[in-house]
Amino acid sequence: MTESTLKTVTLDLPVTTEDLSKLEIGTIVYLNGRVFTAREGVYKRVVEDGQKLPADLGSVNFHCSPAAAIEADGTLNVGAVTATASFRFAKWLDGWFKISGCNVIIGKGGMTSEIYRQSFVPNNAVYLTTVGYGTGALLGRGIETVVAAHWVEDLGLAQAIWVFDCKNFGPFLVEGDLQGNSLFERENAKIAGNIEKLYEGTKSATLRRYGETDDKTDEVI
Amino acid sequence: MIPISDIQTTAETLMAKAAIEIPDDYLGGLEKLADTESGELSAFVIRAMLDNYKAAEEDRRAMCGDTGTPRWYVKYGNDARIEGGPAALEGALRRATANATHNVPLRPNRVHPLWRTDHDNNVGINAPEIEYTFNPDGDWVDLITVHKGGLFGSDYRMLFPGDGIDGIKRFFLDTCVAFGKRGLACQPAIVGVGLGGSKDASMVLGKQAACLRTVGSKHPDPKVAALEEELRLLGNSIGMGAMGFMGSSMVVDCNIELGYCHTGGMPMSVHMFCLSSRRAVARIYADGRAEFRTDPEWFTDYSRRPTVEWAAEGAPQTEAAE
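Line by line, the protein sequences are chains X and V. Residue numbering for the first sequence follows this note's numbering, beginning at 1 and increasing consecutively. Residue numbering for the second sequence follows this note's numbering, beginning at 222 and increasing consecutively.
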């Protein structure tokens with residue numbers, strides 16, 4: 001293993017557009033401040049059905065269902081937290097940014113640069129990806145206080161809005177910057193030539209499938 | 222007679238162990254990849270994961286926030302008797318799953334596929350899955366829990382004899398590349414390959430090969446073992462490491478399991494057990510005593526027996542390549 005030259009930054013939340021503009025894809029990020037979870041259950045309610053969001057959520061939206069429980073006395077017990085794959089939520093995001101005022105999305109796997117340009121760039125938002133994707137225990141350690149869990153009764157523990165106050169919460173990597181560049185797409189491009197070589201001389205399966213592609217630069221998201 | 226209360230207590234302990242403690246064989250395999258990974262981002266990801274396993278054990282918290290869809294594998298010794306019978310055992314496993322979901326805590330992942338109803342306890346219709354196998358002797362029962370992520374990294378294809386070994390390699394590559402990009406498969410993974418059987422059996426065998434065999438294990442047929450090794454190296458030659466970043470760490474190990482199939486076909490499935498390869502095992506004896514381990518020892522000469530009869534004693538009856 002070689003010595004790492006990766007940059008690391010710590011951001012205090014909420015973060016300004018100016019601070020976000022300094023982030024480059026591939027930078028390691030830790031966060032101090034308020035973060036809340038919201039995924040498809042919340043997006044549907046807020047963006048499609050017009051339900052008003054609870055107050056004081058902050059401006060960092062984590063695509064996450066925590067490994068968590070609510071005790072009989074109401075205590076919120078959060079163990080590990082990791083992200084869920086974000087590409088499924090693209091259709092709600094433009095509306096979501098406008099309603100929520102969020103400027104940081106944390107998730108798994110990122111989205112396409114096309115979606116960054118359409119929905120993130122006009123709303124001055126960046127995308128941070130979790131690492132691994134399973135640093136659930138490290139991220140769980142970064143939660144200092146579980147502030148609230150909203151809409152548990154209607155949405156269940158996994159889809160509810162969980163609000164965390166965090167310290168040294170990370171690591172994350174900058175995947176989508178304010179210009180709409182994607183770290184994953186940069187890496188895909190680096191690997192594409194080798195993949196093409198690996199497939200050279202192989203033949204397609206006898207039985208084809210509808211919708212199938214042989215272009216390995218395509219993605220499944 | 223195995224007391225049912227010991228089944229439930231042991232099962233609850235297993236749920237916590239699986240969620241929190243990374244098995245030694247997987248950890249050893251990942252550390253080896255860490256030593257050879259030259260991709261800077263991929264190496265950073267692996268180091269973060271190694272830190273994460275330590276944090277999980279120190280804090281006794283789940284290693285990953287997505288604690289998967291917990292399921293059970295049960296192996297009965299032929300002479301095992303459980304207080305209350307098999308229905309009582311299933312009840313104990315369902316209660317243990319629900320209790321551990323709250324107590325560890327785990328993420329309550331299981332919902333109704335249409336109405337999205339969440340019981341907040343990982344129990345529901347056909348959940349957790351419970352699969353069975355048998356051992357020709359023994360008065361014990363092995364309980365194995367596997368907490369595998371449920372969304373990406375598995376695929377199935379009906380191949381034909383004409384597709385040959387090259388067709389197998391190509392479909393293996395297809396699956397690694399498709400789900401390796403952006404790290405959707407949460408690699409480096411234990412990749413399980415199911416070959417043969419019918420469509421459902423091929424899927425079951427591949428998943429069991431990923432989840433119930435350890436890193437470093439080999440198929441008893443030397444030619445199949447050689448193919449396992451070839452596929453492992455092939456996956457690591459894609460140029461893709463952790464999270465799909467440039468690197469060489471895609472496959473921690475490749476395990477193949479097979480079953481006889483239709484003469485016209487060669488069905489194949491691929492499954493990836495991720496950076497949180499969570500499994501825990503206990504053998505419970507007639508007196509209720511439990512011995513914990515991480516190797517499921519699910520596949521045996523008996524389970525892979527090729528002929529009509531099984532000779533209880535004597536040489537293993539494995540079938541080697543022709």
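Hints in this document: simulated from the structure, not taken from any laboratory. Do not rely on the hints blindly, as some may be mistaken.
Listed below are the simulated SDA-like cross-link pairs for lysine to any residue, each with C-alpha atoms no more than 25 Å apart in a straight line [unchecked claim]: (1) X:K91 with X:N32; (2) V:K420 with V:A276; (3) X:K203 with V:R281; (4) X:K197 with V:R453; (5) V:K420 with X:K52; (6) X:K91 with V:E278; (7) V:K238 with V:D272; (8) V:K275 with X:K52; (9) X:K7 with V:E252; (10) X:K7 with V:G480; (11) X:K167 with V:R281; (12) X:K203 with V:E278; (13) V:K420 with X:S204; (14) X:K167 with V:E278; (15) X:K216 with V:I386; (16) X:K7 with V:E278; (17) V:K390 with X:G50; (18) X:K52 with V:R337; (19) X:K7 with V:M467; (20) V:K238 with X:N124; (21) X:K203 with V:F381.
Predicted, not measured: the structure shown is a model, and the values here were computed from it.
Verification of the hints:
1. Restraint check: the Cα-Cα separation between X:K91 and X:N32 comes to about 29 Å, which exceeds 25 Å; the hinted pair is violated.
2. Between V:K420 and V:A276, the direct Cα distance comes to roughly 40 Å. Violation of the 25 Å bound is thereby established for this hinted pair.
3. Among the hinted pairs, X:K203 with V:R281 is inconsistent with the structure: their alpha-carbon atoms are about 49 Å apart, more than 25 Å.
4. Only pairs whose Cα atoms come within 25 Å are accepted, and X:K197 paired with V:R453 is accepted, the gap being roughly 18 Å.
5. Restraint check: the Cα-Cα separation between V:K420 and X:K52 comes to about 47 Å, which exceeds 25 Å; the hinted pair is violated.
6. The suggested pairing of X:K91 with V:E278 is violated, with an alpha-carbon distance near 38 Å, which exceeds 25 Å.
7. Taken as a hint, the V:K238 and V:D272 pair is honoured in the structure, with Cα atoms around 18 Å apart against an allowance of 25 Å.
8. Note on V:K275 and X:K52: the hinted pairing is violated, with a Cα-Cα distance of about 41 Å set against a maximum of 25 Å.
9. Restraint check for X:K7 and V:E252: satisfied, since their Cα atoms lie roughly 24 Å apart, inside the 25 Å limit.
10. The suggested pairing of X:K7 with V:G480 is violated, with an alpha-carbon distance near 50 Å, which exceeds 25 Å.
11. Between X:K167 and V:R281, the direct Cα distance comes to roughly 20 Å. Compliance with the 25 Å bound is thereby established for this hinted pair.
12. For the proposed pair X:K203 and V:E278, the alpha carbon gap of about 47 Å is over 25 Å, so the pair is violated.
13. Between V:K420 and X:S204 the alpha-carbon distance is near 20 Å, which keeps this suggested pair within the 25 Å criterion.
14. In summary, the hint linking X:K167 to V:E278 is supported, as the alpha carbons are separated by about 21 Å, within the 25 Å threshold.
15. Our distance criterion of 25 Å between C-alpha atoms is met by X:K216 and V:I386, whose separation comes to about 21 Å.
16. With a C-alpha separation of about 28 Å, the suggested pairing of X:K7 with V:E278 is violated against the 25 Å cut-off.
17. Distance hint between V:K390 and X:G50 is unfulfilled; the C-alpha atoms sit about 50 Å from each other, more than 25 Å.
18. For a cut-off of 25 Å, the pair hint linking X:K52 to V:R337 stands: about 22 Å separates their Cα positions.
19. The suggested pairing of X:K7 with V:M467 holds, with an alpha-carbon distance near 18 Å, which does not exceed 25 Å.
20. Distance restraint check for V:K238 and X:N124: the Cα-Cα separation of roughly 43 Å exceeds the 25 Å cut-off, and the hinted pair is therefore not satisfied.
21. Taking the CA atoms of X:K203 and V:F381, the gap is near 13 Å; set against the 25 Å cutoff, the hint holds.
Hints 1, 2, 3, 5, 6, 8, 10, 12, 16, 17 and 20, counting from the list given before, are not met by this structure.
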